[in-house]
Amino acid sequence: MRPAEPERLGGVLRALLSHYRRHPWQALFLLAGLVAGVALWSAVQVINSHARASYAEADYMLGAQATHWIRSRSGAGVAPADYIALRRAGFRQVFPVVQARVATADNAPLAIVATDLLALPTGDGGEALDEADLDWLAFIQPPYQAWYPAALAQELGVAAGDRLALHDGRRLPPAVIAAREQQGRQILMDVGAALSLLGREHFTALAVGAITPAEAARLVDALPADLQLEANQQRVDLTELTASLHTQLTAMSLLSFAVGLFIVFNAVRFSLWYRRPTLRTLRLMGVSMRALTLAVLAETLVWSVIGCALGLAAGYGISLALLPGMSATLQNLYGAVVGSEVLLDVRTVALAWALTLAGLALALAWPLLLQLRGPVIAANTAAAAWRDDARARRVLLVGAAGMVLLAVAVYWHMRTVVGGFVLLALVLFAAAWALPALLAAAQRGLGRALAGAPLARRWIVSDGRAQLPALRTAMMALLLALTANLGVETLIGSFRTALADWLDQRLGADLYVNSPRLDAPRFVADPANAGWLAAGHARTGVTLRWQGRPAKVYGLDTTTPDTHRLPLATAAPQALARWSAGAGMPPPILANEQAHYLGGLQLGQTVTLPADDGPADYTVVGFFHDYGNPYYQFYLPREALERRWHAVQPTGLALWLTPGASEAAAEAALQAAGVQPGEWSAQGDIKRLSLKIFDRTFAMTAAMNTLTLLVAGAALLTALLAILHERLPEFAQWRALGVTRRELLRVIALPLGLFVGLTWLLAIPLGALLSWLLIHDLNVMAFGWSMPMLWSPLPALKLGLLSAGIVALVLAIVLTQLTRKLPQAMAQLGSAS
Amino acid sequence: MLRFDGVVKRYAQPEGEVTVLAGVDLAIAPGEAVALLGESGSGKSTLLHLAAGLDAPDAGRIEVGGQTLSMLDERALAALRRGTVSLVFQQFHLIGTLTVADNIRFQAALCDRLDPAFEAELVERLGLGAQLDKYPHQLSGGQQQRVAIARALLHRPPLVLADEPTGNLDERSSGAVMALFRELVQAAGSALLMVTHSHGMADYLDRRLWLHDGRLQHAPG
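Top line first, the protein sequences correspond to chains F and U. According to this note's numbering, the stretch in the first sequence is residues 354 to 1186, in order. According to this note's numbering, the stretch in the second sequence is residues 429 to 649, in order.
Quick caveat, the hints were computed from the structure, so don't treat them as lab data. Do not take every clue at face value.
[Stated by the list, open to error] Just so you have them, the derived chain F footprint on chain U, three or more residues with Cβ under 8 Å:
# : region
1 : 439-445
2 : 487-498
3 : 536-546
[Claimed, not checked] Derived Cβ-Cβ restraints for the label pairs, each shown as a range:
# : chain 1 : residue 1 : chain 2 : residue 2 : range
4 : F       : L1168     : U       : G557      : 35 to 43 Å
5 : U       : G557      : F       : L1162     : 55 to 63 Å
6 : U       : D453      : F       : T646      : 56 to 64 Å
7 : U       : D433      : F       : T634      : 40 to 48 Å
[What the hints assert, rightly or not] Computed far set for chain U versus chain F, every beta-carbon distance over 10 Å:
#  : residue
8  : P458
9  : R509
10 : L515
11 : R553
Every residue gets a Cβ at the ideal spot worked out from N, C-alpha and C, and that includes glycine.
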């Protein structure tokens, strides 16, 4: 570069950027688009990477990743003496765990988990707990401490030092509010404190940290007869398990980024329009293409840094706001607990900047460079703008056709969730790219239909043609936002209905009990309960691993009402009858849909499960719905389960009351049998809680949807303001011809209303297609459960009203601007400028 | 038809307030055609804008067709511009999305004064017969200005205000358009106040005024 070049470049850059000093609102729009896009994208990135970091941390959480458990064969628990003997024998990886469910004085269920912190092996919580900056000595000595996660303490209204009262009057040790939240809704305390609080003499189990096969063999030899070592089948890879959800969120955030880019496109179009004379003058003055290109690239860089920095700051704020919803989703779907402190990492910042640069290159640098490559004196008329617009529409339409073809090809070869999202993106963007041509065709068609109408009416319709170039990108953004909203709303609505129906079918009993102290078969058979008890269903189960994931095999009573009405998604003929009778070889088994869609199991296929006495083969005769479960699950008749697995655990008891019997009688009987409050739930409570959890789970999706729609609204505002500023002299001339303000507003508003209305109409079938793909393909691939699609006109009507509201708001802003700027524009009419 | 009594107009500038019109008195009779000459920046366009009610004076009184503009609200001013006053500018400001025929009828349709016979006469005399179904961007500058003239005259407004109406045209076209414009204004029975730099254009009109130092003077013919 010659010595004078930097100075010349500086001058060119100053000339280019001086435009924004004169028109700060254009800089504001450009930034608004960038910030909106980067903010929503980075918010999801921050949440995703934070969640992944939490999973890694959760790996260290107490017992969560224990490789083995030592449990009592009789179910009596592990005596402290046995534990001490094992430690003395050199097994430093072994640590005690006490788990219990209790209820607060207000009957809120709580989980207590206790261990000996000093015995935790390094890497199983030690380092993580060090950070908590808590007083270990106070934790392990009377009066002890109860560590609450901050969110739980807030929910229960517990302050530091409080001793929470339980339902039976006992009090927990003084509360310490811990910053760490990986313990979820569990209250952590010392084993000594827990045993004394619960009045127990035995630990629930011993957890075993990382251990070599040789050490495991030595450990088995060292165990007393009543204790057995079992692999921790519940160990899960949360990162793998939640991958689909994170992919979905990333896809949504990329959609938001794309919608944000539409604002940038609008703002750039606007600034290009205004800077044509400057660029022309610079080129006439002999500024080289090279200097102009470098200046354009430098401008892009400047905007990318500012937009990215502000977007990341806003994204951080949004991520903090969205995190509770995300935490709820992860906890409800996967049991994964995510902390509340989020941090931006270098990877997110670098990715955000790269994405911003790419977006700006597409929206700003490319059009600017194209303009530079054109003739120095180009036609600068509305007619030229329409010609350009018509050409752009044709290009977009051809692109849309290409995307449709690609989408069809992807659909036939779609195997993964990512492939599914590529398909959705192709469908959405094909529609968005085809939209301008459709709107132009509709405007032309309406113009032809109104050929004989009064001039004023034809004028309004014809003006749509002048508005379309500026509205094009805003309408595309609106279509994307409306379609995504409709698609996701239909998905959520269908899912909620399916879940509610499923709960109604599944939860036929009046009470559900889950207590380790209850001998369920004996309780059901007890004649003393006959007065109020119509039927009872005691289920048992074992946890094993199937296809690398934890799987549960339940033993069901084939005679109870819920088993008779078991809702099956797909089933062989007479499936339930064959399954109950155990007819056929191999014997029949029922599996959840996840085993079908995610595990690849087919109806009639043989599944082999690891039983105590070797592999056990079963024929799959049906798949049952199992919403919200990330794991595989199988049902066998109870006797069939207990024939092949000996260490089955009780997994719950369902109770049907005789008509007229009171719940109080049942509860009294349960308490008499040793069940503690909090260990049973009424049917209605479970349904309500399930639906509440569902709503919380989808709170983040709803929030993202709303934000995307707001971004589309902002795109509409920038487009209309662009129209206002570009056409202000024309509007002033109309006013000079005697057009009233109301007529002027009608000319602006009615074509806009027509375009928004058509966009909304197009979004309805497109949203239905999107939800169909989400429900029938994406959802099944991501979560492994199916449901009928329920289309309701309500979300479409709601969005229609919302769009009308946004248009009204945008028009009100434009009208205010018009009122402010028109007098000056009218005063300048006819001036030679 | 148009009357200015002691009209004053000032503008705030960074260097202080500038008085553009310093007590202008003016009277134009119905059907009279007056040229307004003056140096650049002398306030000619300002005077025209005040006459059209596009701007308001700081002092003085303006009457158009017997109506005092300061007494009219926004709606009445729009109605005045629609039916009583027609404006013709150097920029043609045609509605690009409407055909030439629709552009010609636009203002007459707004005030419900369509006149097919006069429309045919205007179209014929302005040589626009072959252009009626075209759109403005398909016309030359001279043709576009003819459309703007037809639009301004079709509803026979009592007053036509023109600001350099031939400013965008070459000298030869300017003369031809101006002659036609003058004739058609007369045919419409309108009064005309035309701002121009050109003494040649002013020759087409009945009398000429010179705006200097914010005041009007009669200019020699």
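### Query
Quick check: which numbered hints come out false for this structure?
1, 2, 5, 9, 10
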